[in-house]
Amino acid sequence: MKPDILYFGRFPEPTVEELHRRFTVHHWPVQPTPEEIDPGLRARVRTAAIEVNRGAKRALIEALPKLEIIACFGAGVDLVDLNAARERGIPVTNTPAVFDDECADLAIGLMLASCRQIVYADHYVRSGEWRRKGPISLGRSVTNKTMGVVGLGAIGRAIADRAVAFKMRVIYTGPRRKPDAPYEYVPDLIELARQSDIMMVAAIGSPETRHLISAPVIDALGPNGTLINIARGFVVDEAAMIKALQEGRLGWAALDVFDTPPGEPNPALLALPNVIVQPHHGSATIETRTRIGGHMLANLDAWLCGKPLVSPVT
Numbered sequence: 003m004k005p006d007i008l009y010f011g012r013f014p015e016p017t018v019e020e021l022h023r024r025f026t027v028h029h030w031p032v033q034p035t036p037e038e039i040d041p042g043l044r045a046r047v048r049t050a051a052i053e054v055n056r057g058a059k060r061a062l063i064e065a066l067p068k069l070e071i072i073a074c075f076g077a078g079v080d081l082v083d084l085n086a087a088r089e090r091g092i093p094v095t096n097t098p099a100v101f102d103d104e105c106a107d108l109a110i111g112l113m114l115a116s117c118r119q120i121v122y123a124d125h126y127v128r129s130g131e132w133r134r135k136g137p138i139s140l141g142r143s144v145t146n147k148t149m150g151v152v153g154l155g156a157i158g159r160a161i162a163d164r165a166v167a168f169k170m171r172v173i174y175t176g177p178r179r180k181p182d183a184p185y186e187y188v189p190d191l192i193e194l195a196r197q198s199d200i201m202m203v204a205a206i207g208s209p210e211t212r213h214l215i216s217a218p219v220i221d222a223l224g225p226n227g228t229l230i231n232i233a234r235g236f237v238v239d240e241a242a243m244i245k246a247l248q249e250g251r252l253g254w255a256a257l258d259v260f261d262t263p264p265g266e267p268n269p270a271l272l273a274l275p276n277v278i279v280q281p282h283h284g285s286a287t288i289e290t291r292t293r294i295g296g297h298m299l300a301n302l303d304a305w306l307c308g309k310p311l312v313s314p315v316t
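For the sequence shown, our numbering gives the first residue as 3, with consecutive numbering after it.
Simulated from the structure, these hints should not be mistaken for laboratory data.
All C-beta atoms, glycine included, are put in the ideal place defined by N, C-alpha and C.
A couple of the hints might just be wrong.
Quick list of simulated restraints, FRET-style, between CB atoms [to be verified]: (1) Lys59 x Lys4: 22 to 30 angstroms; (2) Val121 x Leu306: 42 to 50 angstroms; (3) Leu306 x Ile192: 20 to 28 angstroms; (4) Gly136 x Val27: 15 to 23 angstroms.
Build the full structure now, drawing on both the sequences and the hints.
Written as C-alpha cells, this is what we have:
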C-alpha cells in the first residue's frame, strides 16, 4: 500500500505524476488548516510535499502526529516553522542551487526592462501613442554603470557575473567578503547604495534581513538609482520605498517579490509609473521547475529508502 502524502501548491505535471506513482496523494492548492484535513488522514500521514511559498505552520505540523518529513519544492523555507519541525525531529528538505541561473536571468531582465522602458514601450506601441506622439522618451543605459549586489550568494554571484557582460562595474556587500569573488567588497550597505546606479537585492530572507533595505539605504541610492528585488519582499522596507518613489527620492524599482500576501501587491505600487512588477516567478520556466521537482523527489526517495537526505535543512 502506498504511503499517504499531503501536497500543497502547484508542481509541474511530471512531478505530480511521480507523486501519484509513489504515494496516495492528497492535494490542496494552498496550505490547509488542520480542520480541513480528514481526521483519519491527519492520524496516519507521514509525508508532506509543499511549495515553499505555501509554507507549513506550527498548528499544521502539530496536527500530524506521524509526520516524518517535510519536502519543500523550492529553496527559501522562511514560511516553514522550522522550530516546530525541530521539536518533533522532523527533517525539512529543500531544493537549493537548482534555479540560480533562472533567477539571475530574471534579475537582469528586470534591469533591462526598467532602464530601457521595455514594458512601457510595449504599451506605447499597442496603444497607438507611437503613431500619435512620435518617438518614445529616452531610457537609461546600463553600460559602464555600477551594480551593487546585496548578498553575493549563488544567485547574487550569477547576477554579478552576467552584469560583467554589460560592461558594468560590480560591487557587493554581505556579512563577509567572498574570497573567490573578483568584485569589490563594500562592507557598509549605505556606502554600497551611494556608489550604485542599480541595486540588486539577492539577500536571504531571515529575521535578520527584515527591512535590511531601509529608508536610509533607499535615500543613499537616490533619485537616479534603480532598486531591484528578487529576494524576499520583507527584505525591503516597502513603505519607505513607496514613499521615496512617490517623492522622487528613489528613481525606479523593479520587483518580483512584495511584503504582502501572494497576488496582493500594495495598490500604491501599482499606481507608480516608475515601478515594474512581476508575479514572483524567478524560477518559473518549464526546465527549471521540472528540475526542482526532481530534486524534491530525490529527497522523498531517500526518505522512503532510509538513505541520507539529499538536501536537508533541519
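Hints, verified against the model:
{"no.": "1", "hint": "Lys59 x Lys4: 22 to 30 angstroms", "in the structure": "holds, 26 angstroms"}
{"no.": "2", "hint": "Val121 x Leu306: 42 to 50 angstroms", "in the structure": "holds, 45 angstroms"}
{"no.": "3", "hint": "Leu306 x Ile192: 20 to 28 angstroms", "in the structure": "violated, 50 angstroms"}
{"no.": "4", "hint": "Gly136 x Val27: 15 to 23 angstroms", "in the structure": "violated, 57 angstroms"}
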